[in-house]
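A.B. asks: Listed below, chain by chain, are the residues.
Protein chains: 2
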Amino acid sequence: MRLTIACTLTPSGHPGGAIGMAVFGVALWKYTMRYAPHSPYWFNRDRFILSNGHTCLFQYANLYLSGYKAMTWEQLLSYHSERLDSLCPGHPKIEHEGIELTTGPLGQGIANAVGLAIATKHLAATFNRPGFEVVNNQTWCSIGDVYLQDSNNLTVIYDNNQITCDGSVDLTNTEDVNKKMGACGWEVIDVIDGVNDVEGIVAALEKGRDPKRTKPLFINVRSIIGVGSAVAGQVVSHGAPLGKDNVAAIKKAHGWDTEKVFHIPDKVKKFYGDIPARGEKHVREWNDLLPRYTEEHPDLSATFKHRMAGKLPSNWASLIPSSFPSDPTPSCKSNNTVIAKILAECPTFIVGTADLTPSVNLTWPNSETFNPPSLTPISGNKGSYKGRYLHYGIREHAMEAIANGLAPFSLRTTIPITSTFFIFYLPAAPAVRIRALQKLHVIHVATHDSIGAGEDGPTHQPVELAALYRAMPNLEYMRPGDSEEVAGAWTPAINHTHHTTGPSIISVSRHAIPQLPGLACCAAVARGAYVLHDGADAAVTLIAAGAELGFPLAVARYLPERHNLAARVVSFPCHKLFREQPLSYQREVLRRHEDIPAVVIEPYVCLGWERYNYRYFGFTEESMAGRIIGFVGEFGEGKVRRGEFVEL
Amino acid sequence: MRLTIACTLTPSGHPGGAIGMAVFGVALWKYTMRYAPHSPYWFNRDRFILSNGHTCLFQYANLYLSGYKAMTWEQLLSYHSERLDSLCPGHPKIEHEGIELTTGPLGQGIANAVGLAIATKHLAATFNRPGFEVVNNQTWCSIGDVYLQDSNNLTVIYDNNQITCDGSVDLTNTEDVNKKMGACGWEVIDVIDGVNDVEGIVAALEKGRDPKRTKPLFINVRSIIGVGSAVAGQVVSHGAPLGKDNVAAIKKAHGWDTEKVFHIPDKVKKFYGDIPARGEKHVREWNDLLPRYTEEHPDLSATFKHRMAGKLPSNWASLIPSSFPSDPTPSCKSNNTVIAKILAECPTFIVGTADLTPSVNLTWPNSETFNPPSLTPISGNKGSYKGRYLHYGIREHAMEAIANGLAPFSLRTTIPITSTFFIFYLPAAPAVRIRALQKLHVIHVATHDSIGAGEDGPTHQPVELAALYRAMPNLEYMRPGDSEEVAGAWTPAINHTHHTTGPSIISVSRHAIPQLPGLACCAAVARGAYVLHDGADAAVTLIAAGAELGFPLAVARYLPERHNLAARVVSFPCHKLFREQPLSYQREVLRRHEDIPAVVIEPYVCLGWERYNYRYFGFTEESMAGRIIGFVGEFGEGKVRRGEFVEL
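Chains as they are written, first to last, in the numbering used here: chain A, 1 to 648; chain B, 1 to 648.
Rather than coming from a laboratory, the hints here were simulated on the basis of the structure.
No experiment lies behind these values; they were computed from the predicted model shown.
Be careful, since some hints might not be right.
All copies of an identical chain are treated as equivalent in the list; a pair is satisfied when it fits inside any one copy or across any two copies.
In silico EDC-like links for lysine to aspartate or glutamate, alpha-carbon gap of 16 angstroms or less [as the list claims (entries may be wrong)]: (1) LYS382 - GLU368; (2) LYS639 - ASP595; (3) LYS215 - ASP176; (4) LYS382 - ASP193; (5) LYS244 - ASP257; (6) LYS260 - ASP245; (7) LYS382 - ASP170.
So that you can see chain A by itself, here it is in the shape it has in the complex:
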């Protein structure tokens, strides 16, 4: 049975791969996966991730045939069109029923699947009890050529068609993939006839569900791109329409009516017809299990239901200290003071770092490592699946893509917190970006913010990254300026919910920075910017954030004493939150209506600050004061025009 849908009508798309994978579609949606098309968000459903997202026609057709109600015939025909209401764009999107995560950028989906599998392992270890497997779903992931960690609930199906855009895979890759996956700790099963052997694929997939296995499973399916067409196995069937004649030839070979287009034979409909009812049976059985689970394990069941509802302990905000030491403190350390109790007492948070545990300071007393209980590392950090501290290794991109699997397992049941140096959020950026597109609830703690990481040199100084993350839609990039503001940053970060806001980056310093008790305001951080120090006679507004917040305060003391010039000071932790404030508030903070100039003090590339006015570099009070005086003078004389941008 082959899929030949829509391939001739769209000007682009990826028909060949979708056709080549048709057999796994039958094996997965008809025979193997436990899911319920009429209850698409059933908590314990098997999750499927299409890591090779460009072959999504394959998934759309199976969603339609299995009975997902939103996936109508008209929707299916909208594949790869520019229709804004299409559920079938060129890559699958999280907003649509039956799609767990938006995929497309290659290399991420497999890590998303790892994240989903970790969520299952963790929740199962936390909530399952003998006879009560309330969480036991499987994660299935299909990948294409090009791709290629430890969990027996993860099965990867490799669509091994040996064709990419440029030619055969051996043009760029001659590795022995089975040996490589074996060396990486996977169990490998080969399916030689990936065109017809549905039974072989189903048997391999069923092995994926076998709880006696100890390794993740890699199924290498030798498929043929564009199978059945005259261009089968050829590059041209990858990313271009097959053409009328080819589609007709495929239909003929399957005994279908070659004149009928966009037609699904009755026998195919019948073949898939039993799936919705079977799905509802899975849901019913699970629903029946819950009351018995509640009876036997009332406390655990209450917690489980609380977690499934996406709720945090109602007292979480009170776990943040209300006062902090006044000595200069690295905001990285402040961050631990702010969050350690929440991490310890709110089991929703799954915390992890890319091999920087000693530096990023995100552990808490008695925190437990997430790892297979069978593993005893040489360095002794033995873990369990109940653990909530994940050692991701030096894999920043994989860390974030895994977190993208942890976050959407089910609404706020697990909220990942990740952490590394701010500069390493550049390699991680593709996964952070797709998370922001999906508004997934992930909190990032970026340390070694600013240029304080001096002796590591420019490779570690993230001067242009603030511009990237201030420009990234749906993401709140926050630079808190002392412990009080760090506490203030966590409130919007934790209050986010899926599909309403999005991820946050809390960017903190490695070096000690002054504390501003009585000045800095925890609650004001959520407004993006606020006045830290005011004065009716001020001739200039000084703006700063994060590790530099002490600078404008120091210079604002120095200027009246030495130069008889009064300055206002604005703390500006988050551009996005400030842009969301009413214009009246924005003008009040910036005092643009009185036409006094503003100076922004930030050691990053200035891109993005222009709208608030000017920028400055060089951080001694005297040099800052000198330049500010010069600038205010030029502004008064009209040499620098109102609203004109100057880099000093």
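Position chain B relative to chain A; hints supplied.
C.D. replies: Showing chain B alone in chain A's frame:
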């Protein structure tokens, strides 16, 4: 013989790895590598890349001991300090003799080494003749735990100490690295005693130089981090000072005077003392070969010397067409029209793409693929080492990191051009960033610019990437608006030289855009922005770039006809080039001195445009005109203040 330098004096740094690797230092610098400390930029030198850049103390000490003149004793003592003139920062930098490339961000150095090895293979295939091996240098690369392509002139030394920041490597990675590397096509040699077995390492390294081998070589050296100290093999010896007692213990074990600090015993100096003279002998032998090569192969030798001097054919600029078809054309296609002759006739350019050859349109007639001649891919694209078209595979980050090895082989001898969709310059960004830091001469052709890639959805729409690349220091991000401007973008891109400018991105559209003959100006692109259409009575300046350049021209025709409002139009292909113009030119282009407002039309996140004024979204002439009229009115009434930024 161990390195115990400076480990107690710096507040940070990575002593343990440097000590653990001491034995390879002896094997490489004393016994194996062909190099000349007194002629550090000798063309045919072996190249060494320290991919695990944080262990650079290891490299600095060997540069000192081998006799590099710039690496003085005082410099060595400046390790990991914040001294601005230090040659010994926390990660190695390209500016310093004996360092081929800046390394630090993990995972890139090994690809840099692949690039250097490709450069050798290509130049050797092009210029060597029987008996005249004018290019036969080796590439050596050391990597740390965590890491892990086809070339018999590349040897990777794996510093397998099994320790990372968070603990032992098995905490996060239990792969069988030898099997994995074998499966990936590498020859693997194990050195069990990586602490003392210099002879074993030298024998393995010498195998790296054996021309009879067909695979790249992976030497797995079982080293001990911080060996000899009480914290040997422990996490604490990774990134923290060893402390006085530990250093003394190591000295004692080697029979050194424990009281002397920063002291190199005479026997060590003597051991390394013959290296500069040996190096000069290598240089002399090669210098003697050149006249004989010139006699036997005069034409080839002339080309070789021309290439070594970093020269392009003197007529290169005349190879760009001076006129273009006037029909709407995708600028991706314009790009091929502009550059195909240069690619065909200037052998300096090594062109490649990450599996998007059919889409990015960067081939030329009779272009040859770079690949081992022994490889015959199924799809038939047989190559040779003389080929200049590189199929990188779907490996954007590796592509750019490999290009970072190709570029600095020797000044402009090889200039890489890479290409992929603009959105995929996000995964590639860490390698582009470190290239920009080093001002390496690489030209990127980013296709599918703008939001024209509609049906692929937001995962393929690079709305925030322009902000990142406009913020990245040393890089020219250019959006040319028609064929004429594409030609104009290539001139600054090709005229770049190492250490004076840096890389460029030429961002081109997939969809057809209007051609502007008589308006667009090739030569003006190098100024960053210029007036495309002027008018003394204009009430507004419309700014656009790239695929949207037709919009302001269309609306500037529509506004006077329908709304009696005259508009100026500015083409703005490159922020960086415009910022480098005199302020008088900038004001002339923007006409800020006459205080008429400006509207920027770009479908990207507006961050970075604020300094030039305002921004607009929604691209029909009528809707654009309506919003511009409304905005000019508000500006006239003072509702929008001068210099105030508004998103419409």
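A.B. asks: Taking 16 angstroms as the upper bound on the Cα-Cα distance, should LYS260 and ASP245 be classified as within, between, both, or neither?
C.D. replies: For LYS260 and ASP245, the Cα distance is within 16 angstroms only inside one copy (13 angstroms; across copies 85 angstroms).
A.B. asks: If the cutoff is 16 angstroms on CA atoms, where do LYS639 and ASP595 land: within, between, both or neither? Let me know, please.
C.D. replies: both (15 angstroms within a copy, 14 angstroms between copies)
A.B. asks: From the Cα coordinates, with 16 angstroms as the cut-off, is the pair LYS382 and ASP170 best called within, between, both, or neither?
C.D. replies: Classified as between: cross-chain Cα gap 11 angstroms, same-chain 41 angstroms, threshold 16 angstroms.
A.B. asks: Evaluate LYS215 and ASP176 at a C-alpha cut-off of 16 angstroms and name the case that applies: within, between, both or neither.
C.D. replies: Between copies only: 14 angstroms across chains, 19 angstroms inside a chain, cut-off 16 angstroms.
A.B. asks: Pop the pair LYS382 and GLU368 into one bin, within, between, both or neither, using alpha-carbon distances up to 16 angstroms.
C.D. replies: Intra 8 angstroms, inter 53 angstroms, cutoff 16 angstroms: intra-copy only.
A.B. asks: For LYS382 and ASP193, with the copy left unspecified, which applies at a CA distance of at most 16 angstroms: within, between, both, or neither?
C.D. replies: For LYS382 and ASP193, neither the intra-copy (42 angstroms) nor the inter-copy (28 angstroms) Cα distance is at most 16 angstroms.
A.B. asks: Reference check for the pair LYS244 and ASP257, CA-CA at most 16 angstroms: within, between, both, or neither?
C.D. replies: within (13 angstroms within a copy, 85 angstroms between copies)
Checked against the numbered hints given earlier, the structure breaks only hint 4 and satisfies all the rest.
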